[in-house]
Structures are given as structure tokens and as C-alpha cells.
Amino acid sequence: MKKIFILLLAILIAASIYTYLTGASKRTDVPVISWKSDANPQRYEQIDMYHKFLQKNGVVKEDGSPRGQLVLDTASNQSTLIQAVSGMAGDIFDCFAVTDYAAMGVGVDVTEQANRNGYGLNTTYEGMWSQLSLGGRQYAYPCNGAVPALWVNVDTFKKYGLPVPPQEWTPEEFEELGKRFVKLANAGSRRQLCFFVPSVESSSFAMPILRSMGKDVYNETMTRSVANTPELAKVFELLYKWTYEDRIAPTAADVASMNADATGYGGANFSNFLQGRYAMIVTGRYGLIRFREFERQVTFSLSQLPMYDFKNLLITVRAAMPYGRTKSPELVDMFLRFLASYEYNKYIIDFADGLPPNPHIVEEDLKQLKFKYPREGITHELEIGWAQTIAIPESRPRYLKAGTPNWLGNSISEFFNGRKSAQEAAEYVEYRYNLEIDTACEANPATRADWEEQMHVQARIDEYKAAGKKIPVEWISNPFHIRYYRKMGMLVETTTAGAR
Numbered sequence: 001m002k003k004i005f006i007l008l009l010a011i012l013i014a015a016s017i018y019t020y021l022t023g024a025s026k027r028t029d030v031p032v033i034s035w036k037s038d039a040n041p042q043r044y045e046q047i048d049m050y051h052k053f054l055q056k057n058g059v060v061k062e063d064g065s066p067r068g069q070l071v072l073d074t075a076s077n078q079s080t081l082i083q084a085v086s087g088m089a090g091d092i093f094d095c096f097a098v099t100d101y102a103a104m105g106v107g108v109d110v111t112e113q114a115n116r117n118g119y120g121l122n123t124t125y126e127g128m129w130s131q132l133s134l135g136g137r138q139y140a141y142p143c144n145g146a147v148p149a150l151w152v153n154v155d156t157f158k159k160y161g162l163p164v165p166p167q168e169w170t171p172e173e174f175e176e177l178g179k180r181f182v183k184l185a186n187a188g189s190r191r192q193l194c195f196f197v198p199s200v201e202s203s204s205f206a207m208p209i210l211r212s213m214g215k216d217v218y219n220e221t222m223t224r225s226v227a228n229t230p231e232l233a234k235v236f237e238l239l240y241k242w243t244y245e246d247r248i249a250p251t252a253a254d255v256a257s258m259n260a261d262a263t264g265y266g267g268a269n270f271s272n273f274l275q276g277r278y279a280m281i282v283t284g285r286y287g288l289i290r291f292r293e294f295e296r297q298v299t300f301s302l303s304q305l306p307m308y309d310f311k312n313l314l315i316t317v318r319a320a321m322p323y324g325r326t327k328s329p330e331l332v333d334m335f336l337r338f339l340a341s342y343e344y345n346k347y348i349i350d351f352a353d354g355l356p357p358n359p360h361i362v363e364e365d366l367k368q369l370k371f372k373y374p375r376e377g378i379t380h381e382l383e384i385g386w387a388q389t390i391a392i393p394e395s396r397p398r399y400l401k402a403g404t405p406n407w408l409g410n411s412i413s414e415f416f417n418g419r420k421s422a423q424e425a426a427e428y429v430e431y432r433y434n435l436e437i438d439t440a441c442e443a444n445p446a447t448r449a450d451w452e453e454q455m456h457v458q459a460r461i462d463e464y465k466a467a468g469k470k471i472p473v474e475w476i477s478n479p480f481h482i483r484y485y486r487k488m489g490m491l492v493e494t495t496t497a498g499a500r
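Note that the numbering used here has the sequence shown beginning at 1, numbered continuously upward.
In case anyone wonders, no lab produced these hints; they're calculated from the structure. Watch out, some of these pointers could steer you wrong.
What the hints assert, rightly or not - Taking CB as the label site, the calculated pair distances span:
(1) 378 <-> 449: 48 to 54 Å
(2) 371 <-> 164: 16 to 22 Å
(3) 295 <-> 410: 35 to 41 Å
(4) 468 <-> 72: 51 to 57 Å
(5) 246 <-> 154: 32 to 38 Å
(6) 154 <-> 183: 15 to 21 Å
(7) 183 <-> 381: 31 to 37 Å
Ideal Cβ placement from N, Cα and C applies to all residues, glycine included.
Let the sequences and hints guide you as you build the complete structure.
So, in C-alpha cells, the structure goes:
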């Protein structure tokens with residue numbers, strides 16, 4: 001098996017070298033940079049816009065044509081990782097794990113030039129800062145992002161004479177309306193065909209509820225998992241109740257049956273949502289790219305996931321990360337400036353390609369979308385507003401290796417399938433993540449030294465909490481605790497904007 005892996009790795013490296021040597025840079029008289037991204041047709045339009053951006057900003061030849069060229073290089077996350085390690089990662093690559101790549105040394109610190117050229121962290125969402133930086137230094141800038149929430153089919157609720165869900169609601173309110181919906185929608189049917197929401201058997205549904213009760217999977221410095229709490233067990237039990245007792249969310253068997261019957265472009269969840277089998281669907285505004293293509297148009301409203309007192313939602317980012325070995329740093333810098341430009345952000349909001357990376361620059365345009373797309377109402381303003389106010393990324397310790405399993409989601413499945421109690425499942429989440437941290441520290445002395453230093457910081461935090469003293473914000477690396485303690489008045493604010 002080891003020999004096969006080495007052989008495959010050698011083949012991939014050789015293919016990367018061949019691609020580089022025979023690439024577009026050998027067939028043009030201007031420097032060429034590659035952008036490793038997905039094959040979304042919108043990428044080609046964005047590349048054309050980048051070339052016009054170069055011209056607008058004077059990066060041109062004597063004849064006025066761009067003094068550089070951007071080409072799309074479609075790649076999977078795995079191939080990008082292999083090429084980055086082998087030294088052949090192109091110039092810019094899309095990345096969902098910036099901190100992992102930065103820790104591996106394949107990125108480049110852009111902090112100073114980002115602040116100088118208009119794409120510093122202070123131009124984008126605070127919730128993304130920890131996903132774009134490592135050790136207070138910036139390594140990437142967003143292409144787009146998302147704050148998944150509940151997109152509501154207003155027509156489905158009107159069909160059954162039910163009120164449209166509010167923008168904010170508690171789990172109890174969510175449950176009560178869900179039970180009313182499934183009773184009406186399945187009346188007269190021999191088996192249940194309609195559900196309030198798709199499966200809730202996921203960490204993306206669990207985390208906002210857990211955090212709304214003031215708890216997270218990791219401590220303030222993310223040196224240890226602290227998942228074994230009554231609150232997490234309560235979340236597991238709540239998701240189970242909605243699935244197996246109240247039947248407002250489908251089981252795995254229900255999903256398999258519904259997906260087999262689903263038809264239409266956009267995937268089974270989208271198809272079932274359009275047909276009224278799901279009253280709501282969890283997605284971001286990027287889902288509108290497909291929804292706008294359907295013959296049957298939907299009237300939307302937007303609701304937060306159900307939660308308790310502390311309002312929060314998860315935020316994700318698809319970031320553009322410059323490769324440290326690029327030979328055209330000026331063109332790479334111009335690309336990141338382009339991502340923060342009005343032209344690019346206007347394109348993102350007009351074509352619903354997720355969250356605009358620099359929302360302040362398109363505030364007035366954003367307000368016009370409800371008139372251009374009246375069926376979508378103020379959904380755009382709501383998601384982007386939540387991204388700017390309550391959205392927090394998942395906590396991810398820098399001590400976890402890339403590819404660490406989602407033990408929270410795994411434990412929900414263990415509980416749902418009767419292999420663990422809710423309390424045992426919560427204990428298992430903490431055990432597995434701490435085992436992952438311990439393994440990483442044992443394998444890498446530098447990681448171990450950093451972890452031990454942060455454990456001393458954690459001890460001071462614990463002392464301050466026990467004494468009721470406010471905690472210096474720079475001691476905390478967990479983005480949830482920063483936001484939660486700020487809300488609770490437990491922080492001493494000493495960090496300047498954009499530094500975290």
C-alpha cells in the first residue's frame with residue numbers, strides 16, 4: 001500500500017510539473033498566474049472582470065491590453081494540497097482551511113500589503129478573521145462566504161394557512177410550528193411524505209443551539225475540548241426528539257426514500273423543497289443561483305436556526321490564498337485587490353454567489369435587490385446583516401491536523417443509532433478531539449511547545465473566571481468565546497481592529 005501511495009504521489013507531481021512547463025505562460029508575452037478554483041461557469045466571467053480591472057488600474061502594455069493574464073486551473077482540495085507541498089501550487093488557490101496551509105508554510109503573509117492596498121481584515125466580516133489569519137497575520141482574502149440559515153418557502157406555509165416563521169425563534173417555537181406543519185401537510189397520507197426541515201443530524205444544526213446556551217466544543221485557547229457538558233447532551237436529545245418523536249425532521253431512512261423519488265435539477269433537497277416536501281431548507285444565498293433557474297419560482301423569507309438567548313450562526317469562507325512561491329506577486333496582489341473591489345462585490349451580490357467579501361462597498365446596491373427580485377424580499381440584507389453581527393466560525397484548534405474527522409457529527413449519528421446515550425455521546429466528542437490534539441502534540445515538538453504555552457494562558461483565564469475578573473481579549477483564540485464574553489461584558493478590550 002505504501003509503495004502504491006508513493007507511486008501515485010510521484011505521478012501527480014510529474015503531472016503538475018508537466019502542466020507547469022507546458023502551461024499558458026509559455027505561449028504568451030505577458031506573465032500568467034493560475035487560479036485554482038472550482039469549475040463554476042461564473043469563474044470565467046470573474047476572470048474577464050479581473051483583466052478589465054488590470055486595465056482600469058493601469059497594469060497594461062503599450063497597446064492598452066492587460067500586462068498579465070489569469071487562467072483557471074480546476075482542482076480538488078486534495079490535489080491542491082499535494083501540489084502545494086511539492087512546490088507546484090500555481091499562484092492563487094481557493095481554500096477553506098487557510099490556517100492549515102499557513103501552518104504548513106505554503107502561504108505568504110500579506111498583512112502589510114493588504115492593509116495598504118484595501119483588502120485588510122477590517123474590510124470584511126469579523127467572523128471570518130480567524131479563518132483568514134494565523135498568529136495575528138493575514139494569509140488570504142475571501143472570494144465569498146456563507147451564513148447557512150433556514151430559507152422558507154412562503155407559498156408552502158400559505159398553502160396550509162400557517163404563519164410564516166419569524167426571523168428569530170426558540171427551539172420550542174420551532175418545534176410547535178413544525179408539529180402543526182407536518183400534521184396538516186401529511187393529512188390523509190398513508191405514510192409521512194412531508195417534513196418541516198431536512199435532516200437535523202448534523203453539527204451545523206447543533207452548534208448554534210449549543211452556543212446559544214453559552215457553550216462550545218473547545219475552551220478559550222482551543223487547547224482542550226470541553227464538549228462533555230449537559231448542554232451538549234440536551235442538544236443531542238432535542239435533535240433526536242425532532243427526528244424520531246415529533247417527526248418534524250426525517251430519519252436517514254426517510255431521506256433515502258425521499259431522495260429516490262426526487263427529481264429535478266439542484267439536488268434532492270432542493271427538489272423536495274420546491275415540491276413542498278420540506279417547508280424550509282438550510283442553505284446560504286448561493287442557493288439562489290440554482291433557484292433562479294427553476295421554472296417554478298419560490299417566494300422566500302429567511303429565518304435563523306432555532307436557538308436560545310445568545311444569537312449566533314455559523315459563517316464559512318471560500319478564501320483566495322496566495323502561494324508563497326509565486327513568480328508574479330504584483331498580479332497576485334492585484335487579484336486580491338480585485339476581490340475587495342466594487343466591481344467584484346457588485347457581481348457577487350447580483351448573481352447570488354454567496355456573501356460579498358467587502359460588504360460595505362455595496363451597501364446601497366444591496367438595498368435594491370428586493371426590488372429587482374421581489375420574491376426574494378430582504379433575504380439578501382438579512383444574511384449579510386447576520387454575517388456582520390452574529391455569525392461566528394466553527395472553532396478549529398491549530399493543533400488538529402488537516403482531515404480530522406467531524407467527531408461532533410459522528411457522535412450525533414452514534415446517539416441517533418442507539419449506540420451511545422446522549423451523555424456518552426457528549427463524552428465521546430470531548431475524548432476524541434482531545435485525543436487528536438494529544439496525538440498532534442506528540443508528533444511535532446514545535447506544536448507541543450506552542451500548546452504548552454497556551455495551556456499556561458488557559459490556566460490564567462481559568463483563574464480570572466473563578467475570581468470574576470475580566471479577561472484580556474488577546475488571551476483568547478476561540479472566536480466563539482471572544483464574541484460571547486464581549487456580549488456578557490467579561491472582556492478587557494486591548495486588541496486593535498483587524499489584528500485577530
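How the hints compare with the structure:
1. 378 <-> 449: 48 to 54 Å: This hint holds: roughly 50 Å between Cβ atoms.
2. 371 <-> 164: 16 to 22 Å: For residue 164 against residue 371, whose Cβ atoms are near 20 Å apart, the range 16 to 22 Å holds.
3. 295 <-> 410: 35 to 41 Å: holds, 39 Å
4. 468 <-> 72: 51 to 57 Å: holds, 55 Å
5. 246 <-> 154: 32 to 38 Å: Given a distance of about 23 Å, which is not inside 32 to 38 Å, the answer is violated.
6. 154 <-> 183: 15 to 21 Å: holds, 20 Å
7. 183 <-> 381: 31 to 37 Å: holds, 33 Å
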